[in-house]
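For chain A, the structure is supplied; the task is to place chains B, C, D and E with the ligands on it using the hints.
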Amino acid sequence: QETVVFAGFGGSIMAAQRKVYFDAFEKETGIKVIDVPDSGLPKIKAMVNSGNVQWDVANTLGMYVHQGIKENLWEKLDQKVVGAAGIPKELRNDYGIGNAAYGQILAYNTKLSGGVNAPKTWADFWNVSGKAGPRGLFDGPRYILEFALMADGVAPKDLYPLDVDRAFASLDKIKSKVSIWWKQWPQVPILLSSGEINMSNMSNARIQDIVATEKVPLEIVWNQGLMTVDWLVVPRGAKNPANAMKLIAFMSRPDLQAKFAQATNIGPVNADSISLMSAEEQQKLPSVHYKNGEMGLVDDAWWAENSDKMIQRWDSWKLK
Amino acid sequence: MKMTVAENGVLASNKFKSKRAHRSLRPSAMWLVMPGVVFLAVAFVVPLLILLSQSFYDEGFTFRYFAMILASPSYLAVVWITLRMAVLATAATMLLAYPVSCYLMLAGPAMRSFIMALIIIPFWTNILVRCYAWMAILQRRGLVNTFLTDQIGLIDRPIEMVYNLPGVLIGMTHYLLPPAILILYSINHNIDLRIVGAARSLGASPSRAFRHVFLPLSMPGIRAATMLVLILSLGFFVIPALLGGLKDMTLATLINVQFTESVDWHFGAAISMVLLVMTLVGIGVYYQALSKTKGGKQP
Amino acid sequence: MKMTVAENGVLASNKFKSKRAHRSLRPSAMWLVMPGVVFLAVAFVVPLLILLSQSFYDEGFTFRYFAMILASPSYLAVVWITLRMAVLATAATMLLAYPVSCYLMLAGPAMRSFIMALIIIPFWTNILVRCYAWMAILQRRGLVNTFLTDQIGLIDRPIEMVYNLPGVLIGMTHYLLPPAILILYSINHNIDLRIVGAARSLGASPSRAFRHVFLPLSMPGIRAATMLVLILSLGFFVIPALLGGLKDMTLATLINVQFTESVDWHFGAAISMVLLVMTLVGIGVYYQALSKTKGGKQP
Amino acid sequence: MNPAVEFNNVSKSFGNFVAVRDFSLKVENGQFVTLLGSSGSGKSTSLMMLAGFMAPSGGHISIDGRDVTELAPHKRNIGLVYQNYALFPHMTVAANVGFPLKMRHVAKAEIARRVRSALEKVHLDVFADRFPAQLSGGQQQRVALARAMVFEPAILLMDEPLGALDKNLREEMQVEIKRIQRDVGITTIYVTHDQEEAMSMSDNVVVMSKGQIEQAAPPAQLYERPRNAFIAQFIGSANVIPGFVKSNEGAKSFVSETGTTIPLQMHGAVEEGARKAAIVRPERIRFGTGNDSLAVPAVVESVLYGGTMIRYATRAGEQRIDVVAVNDGGAPRQPGETVHLIWEPKDFLLVDATAN
Amino acid sequence: MNPAVEFNNVSKSFGNFVAVRDFSLKVENGQFVTLLGSSGSGKSTSLMMLAGFMAPSGGHISIDGRDVTELAPHKRNIGLVYQNYALFPHMTVAANVGFPLKMRHVAKAEIARRVRSALEKVHLDVFADRFPAQLSGGQQQRVALARAMVFEPAILLMDEPLGALDKNLREEMQVEIKRIQRDVGITTIYVTHDQEEAMSMSDNVVVMSKGQIEQAAPPAQLYERPRNAFIAQFIGSANVIPGFVKSNEGAKSFVSETGTTIPLQMHGAVEEGARKAAIVRPERIRFGTGNDSLAVPAVVESVLYGGTMIRYATRAGEQRIDVVAVNDGGAPRQPGETVHLIWEPKDFLLVDATAN
Ligand SMILES: Nc1ncnc2c1ncn2[C@@H]1O[C@H](COP(=O)(O)OP(=O)(O)OP(=O)(O)O)[C@@H](O)[C@H]1O
Ligand SMILES: Nc1ncnc2c1ncn2[C@@H]1O[C@H](COP(=O)(O)OP(=O)(O)OP(=O)(O)O)[C@@H](O)[C@H]1O
Ligand SMILES: [Mg+2]
Ligand SMILES: [Mg+2]
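Residue numbers (our numbering), protein chains in the order written: chain A, 4 to 323; chain B, -14 to 284; chain C, -14 to 284; chain D, 567 to 922; chain E, 567 to 922.
For reference, chain A alone in the conformation it holds in the complex:
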């Protein structure tokens, strides 16, 4: 039987992908989708170098797409098969195509920081004496540098190339006041809802998910958020490239991306999807808030170029 191997991030996201995309794909094409969790650039790199590539389609950070191009890790997409006219130019290239949009946003607990105390901007987050309550931030440079710059008054559209010195200077102001520098994303919704912290950066879907299932009083500030996009690529030397193209094309369909967004609150990349959803649903998606101009878009190319340096600088800054 024909197969195609899809490497994703596992967990609930992949469960949703299975429901929305893979089952339908199997039904429609008869090609079986084997989904494996734990997609990571190092393993892809090792596989490509070894010539024994296990995966046909990989779900990966936008930043890695650029890095992979430099290291010649990807197959060229067969644009004829992939098509997907609704996907904007800036979110596709010869080797990969954007698939899902996440909102990197500020989230807070309304019970603890509601009403007048509710933060509206990163400046509010930085203003510890004004908007009191323990804060959490991700322990790493990605997104945090951007937030720091916005807190310091930089507009979302003017972020790139990042003024790194200014960002760290801004971070210095809050360094000792953040009570938890967290490392694991799933930690945070729990920390927020249990009141360990009042506010933190987070991704929208996780917050919306826990609000829906646990009915906790958490709120998202879309303003000054960042949109990031996960891409789909085909590792070079994949065993089923043709099927891979078919799957990518399938996963880029506006109707399915809309369905996926409804299930997960992870935004569609295909612009045609938005209109397929209700206004209420649209309000939950980063794609919409990005379009409204509330949010900025993460510059994956910049990060691909500077990630290593930023990590090192972050490490040094931490220990200072």
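Keep in mind that the hints were calculated from the coordinates and are not lab data. A few of these clues could be false.
Said to hold, decoys possible - Using 20 Å as the maximum straight-line C-alpha spacing, the simulated DMTMM-like pairs for lysine to aspartate or glutamate come out as follows:
id, chain 1, residue 1, chain 2, residue 2
1, A, LYS48, C, GLU44
2, B, LYS232, A, GLU5
3, E, LYS776, D, ASP894
4, E, LYS776, D, GLU686
5, E, LYS912, D, ASP894
6, D, LYS733, E, ASP888
Relative to the frame of chain A, chains B, C, D and E with the ligands by itself:
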């Protein structure tokens, strides 16, 4: 009748011995061990109970999560894969570690330090780093295959040694060898070699002296090491993920994904419970088997 | 003169003993240990060399990566943090594990099995799962603080027990206790309690019999366990990452980030090298200290 | 005054197996008591219970009138030489011997002095810095001995402390042990399988068999008036002739099971017909001539040359009779030779035929 | 025929310490040779080298004329009773004893039979299913004995195999060992510290001291013609009187260091002035009367009661002289009593004063 008395004597006196040791040290030791025991109670039992209770408590008592696991054949398959992988890795590790630990006993002090260093150094090396090294060595165009095809021409087509079960086993065994050797050596080098010598002088060839005397005397070390290795090998997730093929998914990987992507406490706890029960059963079977072979050997 | 002879006799005969054991078993054991030794050479040395060579080979010989580490004071700080954390965790683990292992020796078989189970069960539990459990217990509004403030009213403000060094140490100790106890117990329970009894009858109180006889006799176990624990604790990255604060960064975390984020083999290998050299130095110092106290104690 | 040590109906079982049964014994202050008995008769077990390393299954043990059945070993002030030495393998000889002194907070210089003197007494001063594993069996035993005596305990228990030593060293150590024991007045309980040692050192000898006391008495009494044939054979050697007493016209005589009739002289009240055993010590038998009226004719079966003594096995009818003669340097009797055995009537003892 | 065992200038050092020096010894097929010597004299070390567990530092060892210095232990077909038993702690008594048979591929039923019979001989048949740790010291020793003898090896080495046994059991075991040894013709090297045992069992006795052989000879010769004062004192007991030979008008006499002059009779060539030691065995001394011309007057200092014998320590001038008399049941001499010591001239030996 005589036999019965003697037999009872044996059984009873085994019991007696532990009671004896007990009593003669008890008053002395009590104050020494109290902090440890209190710590145990607080630090081990409480988190454990909290954690495991999550598997059947979610706003009320529920078997939902277990039902989820049992209902999905894929989870059961994962249980089976995990168990098989752990047992194979443990067996491979013990088979390799045991001779090395024996060799350590016989080697001179300089040689011993050298080997110890060789064994332990990789152990300090980060597991990720090691996995990538293994990939470089084992992959289709890796060192081993290149050597076998190009240099010796022993084989035509490269052997698949990674991204499959053998790959995982190589990685796991490599990881597990140092602790196994360390434990085996620590315990084995207490064995009184004069007793092995006695066996030799009574006509046992080296291999029979080994089999009938040294091996049984080293059972405590084997048991401790097997136990530790088995436990460790049930918990791997990095190695199967990196060196394994598509099907080499373990419970630990599952838990890992569950917790890094979405904190589903309850489901994660339920999987933990399954892993735990599985391990308990495994250890039970192991001891059962062990006591049987032992019982069978005694005249 | 007499003394000199006796002393030389001692030194020489220590040497002699190992040589003796050597010779009487060597012909027997050689064939048994060969596979292990060959395996060692191939499986340990080769990957190690490949890996470590990456640290100074990148399309030509280079010290670039080491220079990078040494140039940045922050990496040197990480070395120090890692070392301190490992030593503290090892000390805490050994201090808790030792009494428990003694207690296991004295306990009856049923009690022993029960405690063993208690100790080992958390060990099977995934490390992520355990970290989350610890967070739930230790955090500001966690179980312990709630208990202390609301239930007993012992303290006004919650104690900071997590997202800092104590948190990391609690998590690491919890992780390290089972293997430490297992090794200590396996080795200690070979100690001939009659010798401890002899000390008692010669007038030693329980604590002095312990200090002067049991403790020295259990040194091999302590040494093996400390070694293993130290090695394990140098390699942690999940626990410091989840339970530590901003500054609790370890070399392993660094390597981990390096490998997952930027796939920089060479730099990762160089950091591995540093970790390795550090551990070697640490172990050297430990043995130095050990041999000194020993030498000092003997009359 | 209370006895220094008292066993009161003490017994010890290992499961169904009874190692010591109804053991009752009083040892006065300063006394030297030896437990003598065949292998496995419960000697070590009794000592271990007194030292506090085994709990009796029944009965009570007291020291100086104080019940110590539940007392911790280190509170009993007992010096103990284990049958298996139980030296500290990680300490030098000097540290081993100094250990009990250190535990008693004796000053360092004093410890060094006393250790040196103790090691000199057991001829091990040059080995002070060795470890036990580097000593021969007998040397290890001497270290154990020095360690138990160096602190002059109130009670000294020794389980075959000289078992691995040669005769000369052994005698020297016996003298040393006795000297310290007397000088310091240490109450001593001693286990040995060497009956000569027991006889020459002890105030009292306790003969044990199968976990029970057969007879407890001063050495001479044990030898001269054994309670039964077992004791007679165990202490020294004895020709034991089972049989019964017959009265013939007022004159009593002893009829052995093999049919030999031996006239009895000067013997007090012996019931007629009582099953008894007659005892004659081999060394109380001399070679007489056929003219002696009481002489028993016998044939030499074998001759065992033993240095100081010569041991003859002879046969009188069905009855085997051993004779020990001093090796006076003359030509010994030859196997096959017919001899005439004579003894004094007082040396012909009638005792119980069966043990406890 | 080649000797069954030959030591050729064998020596063994532990560092600077020489435990065995220039040890040369031939043991003929079927012979029973005993190593006798004080504690630490190198007996166990010599056995261990023969068994193959220690490599000699120098010299060669051969078995049946074949150099075995480098041969593996299990190829030597040697039965060995270790001084410390070395039983297998994880096997029952029966399995321990059956082990050498199993190693020789004896059939199961045959093993069971032979084990049972071996255990009966050492009186341990009821303990067949126990583990070594559950036995008394003497019982363990007997298991070791049974284990070494059950397979009837070509050579049997025993390191104090009866050291922990009481006299009766010991004698029984001696007989048993001798019987098997004779019947099967096993070449036996035996270590004991019991000189009587050595004397009664051995064809040859090798007396060792400080790692060297002092004298190797048959028992009687060793006793009657010791080479030096050390041997005389070691084998049996001896009054040793150091002094020198003086010639006075043709009549030679011995002058002790304490000044006592003892006329010499019937003694062959003794150089005048030679430093010698005079030897008289205590048991060769009788109590005479003042009328005896050769009687030496002495005062009884102490009396040691020893069952079969009574040992007197007397003093003649400065010289201490011990006397052993058979305990004939009469009243012993009392301390302070003056006695007259007489001996046969032939019992007054002149030997070397110093050992090797
Ligand atoms: N490992 C060793 N290191 C140093 N010296 C040793 C060692 N083993 C034995 N010796 C010494 O060698 C000498 C001979 O020892 P050996 O055991 O042969 O004596 P032995 O004659 O058997 O004495 P014993 O009758 O006491 O058993 C002793 O002085 C002993 O201290
Ligand atoms: N742990 C045990 N389990 C069962 N029986 C035991 C145990 N220890 C000792 N015995 C038995 O108890 C009896 C008495 O043993 P004990 O050691 O007191 O003998 P002993 O008189 O010292 O003998 P020996 O002279 O041989 O040392 C022996 O028959 C022995 O087998
Ligand atoms: Mg005993
Ligand atoms: Mg010896």
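Status of the hints after comparison with the structure:
no.: 1; hint: A/LYS48 to C/GLU44; in the structure: holds, 18 Å
no.: 2; hint: B/LYS232 to A/GLU5; in the structure: holds, 17 Å
no.: 3; hint: E/LYS776 to D/ASP894; in the structure: violated, 32 Å
no.: 4; hint: E/LYS776 to D/GLU686; in the structure: holds, 17 Å
no.: 5; hint: E/LYS912 to D/ASP894; in the structure: holds, 11 Å
no.: 6; hint: D/LYS733 to E/ASP888; in the structure: holds, 16 Å
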